Every structure is written in structure tokens, then in C-alpha cells.
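A.B. asks: In case you want the letters, here they are:
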Amino acid sequence: MKLITAILKPSKLEDVKNALGEHGVKGMTVSEASGFGRQKGHTEVYRGAEYTVDLIPKVRLEVLADDEEAAAVVEVIVKAASTGTIGDGKIWTTAVDQVVRVRTGERGPEAI
Amino acid sequence: MTDIALNSGDTAWMLASTALVLLMTPGLAFFYGGMVRTKSVLNMMMMSFITIGIVSILWVIYGFELAFGYKGESAWYGNLSFSGLGGMVNDLTNNGGIYPIPVLVFAAFQLMFAIITPALISGAIADRTKFTAWAVFVAIWSTIVYFPVAHWVFAFGNKVGDTVTGTGFLAGKGLEDFAGGTAVHVNAGAAGLALAIILGKRVGWRKESMRPHSLPLVLLGSGLLWFGWFGFNAGSALAANGIAGLAFINTQVATAGALIGWLLVEKIRNGYPTSLGAASGAVAGLVAITPACAFVAPWAAVVIGLFAGIFCALAVGLKYKFGFDDSLDVVGVHLIGGIWGSLSIGLFGTHVVNSVGLDGLFYGGGSALLGKQALGVGMVALYSFLVTLVLGFIIEKTIGFRVSRDAEVEGVDLSEHAETAYEMSSSSRGGSF
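Chains as they are written, first to last, in my numbering: chain A, 1 to 112; chain B, 1 to 433.
I should point out that these hints are in silico values taken from the structure, not numbers from a laboratory.
Please read all numbers here as calculations on a predicted model, not as lab measurements.
Hints should not be assumed to be uniformly reliable.
[Unchecked claim] For lysine-lysine, the following DSS-like pairs were computed, each having C-alpha atoms within a straight-line distance of at most 27 Å:
1. Lys-90(A) - Lys-12(A)
2. Lys-39(B) - Lys-397(B)
3. Lys-40(A) - Lys-207(B)
4. Lys-267(B) - Lys-40(A)
5. Lys-40(A) - Lys-9(A)
6. Lys-26(A) - Lys-12(A)
Can you make the complete structure from the sequences, with help from the hints?
C.D. replies: Structure follows, in C-alpha cells:
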């Protein structure tokens, strides 16, 4: 099993969510995040004083998938999230030892 | 005491004006509160609210008498008696002439000025002030700075028959300050500079971001200030008459001019007209027109406002040049705006709009009025700055004026009030009684 973590532009969340739903993904976790990559930050001006804001708001989306499904899920996210401009985000996958559904006690791929 | 009968129209307007001016102080609390970080918004707003409490009580005990009492017949302060205001319930207002409004209405109106003036200072020392020290400061500063300075500027003496006695020092010299450009704004601005120097810079100043945490609150505050300011300026006519109308329209158009002036500077210099700039420009215009509103024509008010916006937008950068942390620009807006507005009467003043006003430089009156205005500005600024510097120093060395570094970093809301302003998440903190 894999945990797919995607850092995305907040404006692309809706597209990614819909695309994953159509692909058959049953669940996900979304949280607000902030950070920077190559995009770096932006400048804000308050009464003439300029502040460099280098942590940019992003969303962090996490999806669990079977080993054989993971690559396809990543592709779906890439396709839906891409705008071709700097700051589109990043996706990575990590191996997962165990998954448990709290309600039923199911374990492993059945719990995804 | 007099043959003049009470006028219900004038009295009704003064009652309404008084309530309008009170609203400015909560408005100021929002204006300032939105500009600080989430960890100190409550402390910022409380500095205004405690001022309402303290000054109102002092005013009844001795403040009104010290500012406007005339039995002492001094140019420097009024009457040094602890009156409680009980003996004048049936009197009319007597300040250089008899006004057909109860003196207690005049006392309530002037109280609101006495409240907002020290509250204005609090913007210079955001994020780092010990609350009890601020309360002590407000009580003493009002007593030794505001009450006497209000007497200098606003006390036109006791008129009995043909004689007037007990005129304030600057009023007697012919200073024209209709609603408090010197007594309120230059006074608060100079005191703010002194306190910013005494308390020193905030931890992380010019290194970490100190962005305003809520610009909508700032805009709300500036709107309440604008609304209340009609009472401040038009109410200063002490009557519902043509002078009140002149002050009213001038207040509106000067503020509009300053809003535009500030945004023009931002658009040209930074590329973006900001909401903070609009709110700040409006307040700068209100400050500048305060002394001038009953002495200039409306077209001149627009010019005064426009330049107020431009001057103040440029002046808020001075603190970075000189290295003092006047956190919310009390100097840049109130001192600079107050100086400009007070001096502008010496340029644009005309007897055509107000028979008691003198002609300024642009109306063929020469520089005489400008000189009087400069004297008023200089005396108030110097007195306020020096006394505040000494008072602030004494408070810092005795009870301490500034919170500890840890408390400041954690936030003065928590360390001084055991509260935090916002609960943003339903699950972030947990906890129990």
C-alpha cells in the first residue's frame, strides 16, 4: 500500500477532487499548508513598508492506494492539478505498513 | 445667571455630537486593533477602552474644572478645585461668550475630546505595553498635559458683562484651532513620539513581518472615526448653525481629498493602492481639517485634505529612517497631519466664511496668522513631548512600562489580559475548566 501526498495550489483542489472521484478513489484527507519551492514568495506593502511573504498558502492532499493503483492515481492528480506555471506543487508516494478501518476493524487493502 | 434662554435645537445637536465623539474612541480601537498582530489585538483595543473609564472619572472630579474652570483666571490652567460638577447643573455654557446650551452638555462634549486624545497615543506603543502602566500613564498624562493644554487652546474665558477673564494662553494669543489640531492631534502625536522612544522597538522590528492582522477591522474603525468626526468638528460650533454646517462639509471633502491623496502616493510609489492606505488617508484628512474646518472655504478643505494625504503617506516612512518604532504611525498621521492642518489656516483662512477668523497668506492677510499658528503648534508639541518623555521615563524606571521579552513574544493579550482574540479552529486547543 502507498500513501500519496500532494501539495497543490488551493485553486486546483476542486478539480483534483473531482478527477479522483471519477477515477474511483473513495476517500482522501485535505489540510491547509504553507511553504515554498522554486516559486518563492511574494511582496506585500503596508503603509509603504514592503514585506516579503515567503510561505505561500497551499493545500496538502493525502490519498491511500493499493500498490498497483498508486501510479494511476498520481497521474490523475498530475493531470488535474497542472497549469504549467511555477508553483503547481509536488506529489510523492511513501510505503505504508498497515491500514485499519476504525469502524469495522478491517485491515490491509480492504480498509482503503 | 443670565438672560439668555436655553436653546433646544442647539442643545439637541450638542447632545448628539457628544455621542458621536464618544463613538470615535471605540472606532479608534478597531482602527488600531486591526493593524496589530492577532496576539495583541485585545490589548490594543483595551488601551482605548480603559481610557474611556479613567478620563471620564477624572473629568468629573477635577478635569473639567482644570481645563475650563475660570475662577483661577490663569492662562495656563483653569480652576484647581475638586468640584464633582454638582454646583453647575442649572448653568449655561460660558466660554468667551454665553452659549444657550447647559454647561453640563458642554462638559460632556469636551470630555469626549479628553478621552480620545490619550487613546490616540496608544498606537505608538502597540504590542509591548504593560496595561497597568498604561492606565497610570493615562491618568497622569491627562492631568498634567491634556487638561492644561485644552485650557491653553480651548478656554476663551469667563464672560461677565463686557469683560472676559481666564482666557487660555494660546487662545489669548489668537491661535485658531477650531476642534483640536493642536490640543488633540499635535499633542497626541508628540506624546506618541516620546513614548515610542521610551519603550523602544518591538522584538523583531524590521526583521520579522508585523503585518496588520485584519484590514477589514481597520476599515471599520476608520469608518466609525469618520462618522464620529462630524460631531467632533461640526459639534465644536457649540450650536446648530452655519458654522457647524461649514465644519461639516469641510470635514467630508477634506477627508475625501486625503483618501485620494494617500492612494495616489501609493499607486505611484508602490504600484498598488491599498485598503490600509485608504483608511489611513481618511484619518489623515480628518486630522488635518480638524483645526481648519470652520475657517476655510470648502474648496480649500479639499486642497488641505489632498496634501494631508500626500504628506502623511510620505511621513509614515520617517520612523524607518530615524529608527523609532512608532508602531501604528501616530507621528506620521497625527503629528504631521495636525501640524499641516494647523498651519494651513495661516494659508487658507478667510474671514469670508467665518467672521471671527483672520485672513491667511493666500487671502492677503500676510504671515501674521501663520506665525500664531506656528507658535501654537510649537508650544503644544514641545510641552507634550518633553513632559511625556519625563513621565514615561519615570513610569519605566518605577513600575515598568514594557512587558517582559517572553510576554511580548507570546503576546500581550495572554500575558496582560489572560485572553486571546480569536478561536479559528474547532479542535485546535481542547482544554477544560
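A.B. asks: Does Lys-40(A) pair with Lys-207(B) here, judged by a C-alpha cut-off of 27 Å?
C.D. replies: With Cα atoms ~18 Å apart, Lys-40(A) and Lys-207(B) stay inside 27 Å; holds.
A.B. asks: Take a quick look at whether Lys-26(A) and Lys-12(A) sit within 27 Å of each other, Cα to Cα.
C.D. replies: holds (19 Å)
A.B. asks: Taken at face value, is the distance from the CA of Lys-40(A) to the CA of Lys-267(B) at most 27 Å?
C.D. replies: holds (25 Å)
A.B. asks: CA of Lys-90(A) to CA of Lys-12(A), is that 27 Å or under?
C.D. replies: holds (13 Å)
A.B. asks: Run the distance test for Lys-40(A) versus Lys-9(A): straight-line Cα separation, threshold 27 Å.
C.D. replies: Since the Cα atoms of Lys-40(A) and Lys-9(A) sit roughly 14 Å apart, the hinted pair holds (cutoff 27 Å).
A.B. asks: Please verify whether Lys-39(B) and Lys-397(B) have alpha carbons no more than 27 Å apart.
C.D. replies: holds (26 Å)
No hint from the list above goes unmet by this structure.
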